[in-house]
Amino acid sequence: MIEVYTINQEDTDITQSDTTAESLQDLFVYRVPKGSTIILRPGDELCFDCDETDASVCQNTAQVKVERRDAANVEKTPLLGPLQYANFSASGVGEFRDRDKIVTLEISQEIRVEEQEYIAIMVKNPTPYADKDTSFFELRTHRER
Amino acid sequence: MAKLEKFKLTDQDPNITADSTFGTTWRDTWKYQCPPKWILHLQKGQRFSLKAYDSSDVEYVAPDAQVKIEVRGPVGQNIINIYGPANYLSSDDFQDEKKVALLNLDQEVIVKPRDLLVFMTKDSTGMDAASILTSFASLTTLREKV
Chain A
12 MIEVYTINQE DTDITQSDTT AESLQDLFVY RVPKGSTIIL RPGDELCFDC DETDASVCQN
72 TAQVKVERRD AANVEKTPLL GPLQYANFSA SGVGEFRDRD KIVTLEISQE IRVEEQEYIA
132 IMVKNPTPYA DKDTSFFELR THRER
Chain L
443 MAKLEKFKLT DQDPNITADS TFGTTWRDTW KYQCPPKWIL HLQKGQRFSL KAYDSSDVEY
503 VAPDAQVKIE VRGPVGQNII NIYGPANYLS SDDFQDEKKV ALLNLDQEVI VKPRDLLVFM
563 TKDSTGMDAA SILTSFASLT TLREKV
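For the protein sequence lines, the chains are A and L, in the order given. Numbering-wise (the working numbering), the first sequence opens with residue 12 and increments by one. Numbering-wise (the working numbering), the second sequence opens with residue 443 and increments by one.
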């Protein structure tokens, strides 16, 4: 059965990590649980609010990238970016409501992320780096189970 | 041909049961049981809004407040996810046409007589019976008499 599904930072299959250097690093990594497949489609939306470890919002020039990784973390498929954080926010606050301003994945055909594979949201922000506890996101997509 | 009529389901509907217990995990905040002789037709693009307050009477905030909607069989089986799990702020607008949350269904989901349509919330502070009374939700959909 294919159903709508939203992945967010509270999902039990998410690993969260603060970034620790000014390079693209994993902030949120979702591992597809056994028995499920995530079906990414053109038009799927990503909303993202990124904050720094000092509780301020990330800089507009921070870079955001999303990629799919196979179960061994070897093969990677770009899904979005790198693009500036300003694409996700107004004055640093992530946009989650206004459909005219929400970012969609940069894919031209359906991509299946199979069980035990990964979807990673990566951030490059200068110090103070990106904070896993105050940042949050939504990937509005579909799953098969 | 089925005759469909617009139906606005709110938390005040007589077929809604509101949660009356306190908790900080996923709660069945409002549980609608489709009455006999009616079917709901949930479709892509239908509008949904929810405003929620925690047990301290503070409105839910990101990032820990969550919302989802499920359709279940009469005893809770055959769960179909129709919204979320999403951050609370994605669905808290009741006014702005381009900000109100929409169901993003691929295909129509039917809620049959006695099936359950459940508005679920989760918040680290938690909801109690009093905060549920101050919270509210609506879903604009279609229904059919059978």
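Don't read these hints as lab results, they were simulated from the structure. Only a predicted model underlies this, so the values are computations on that prediction, with no experimental measurement involved. Where is the CB? At the ideal position from N, CA and C, for every residue including glycine. Heads up, some of the hints might be wrong.
Residues on chain L that point at chain A, a partial pick, calculated with CB under 8 Å [as the list claims (entries may be wrong)]:
id, residue
1, Asp-548
2, Glu-550
3, Ile-552
Just so you have them, the derived chain A footprint on chain L, three or more residues with Cβ under 8 Å [stated by the list, open to error]:
id, region
4, 497-506
5, 519-525
Results for each hint:
no.: 1; hint: Asp-548; in the structure: holds (6 Å)
no.: 2; hint: Glu-550; in the structure: violated (13 Å)
no.: 3; hint: Ile-552; in the structure: violated (14 Å)
no.: 4; hint: 497-506; in the structure: holds (count 3)
no.: 5; hint: 519-525; in the structure: holds (count 4)
Hint compliance for this structure: hints 2 and 3 are broken, all remaining hints hold.
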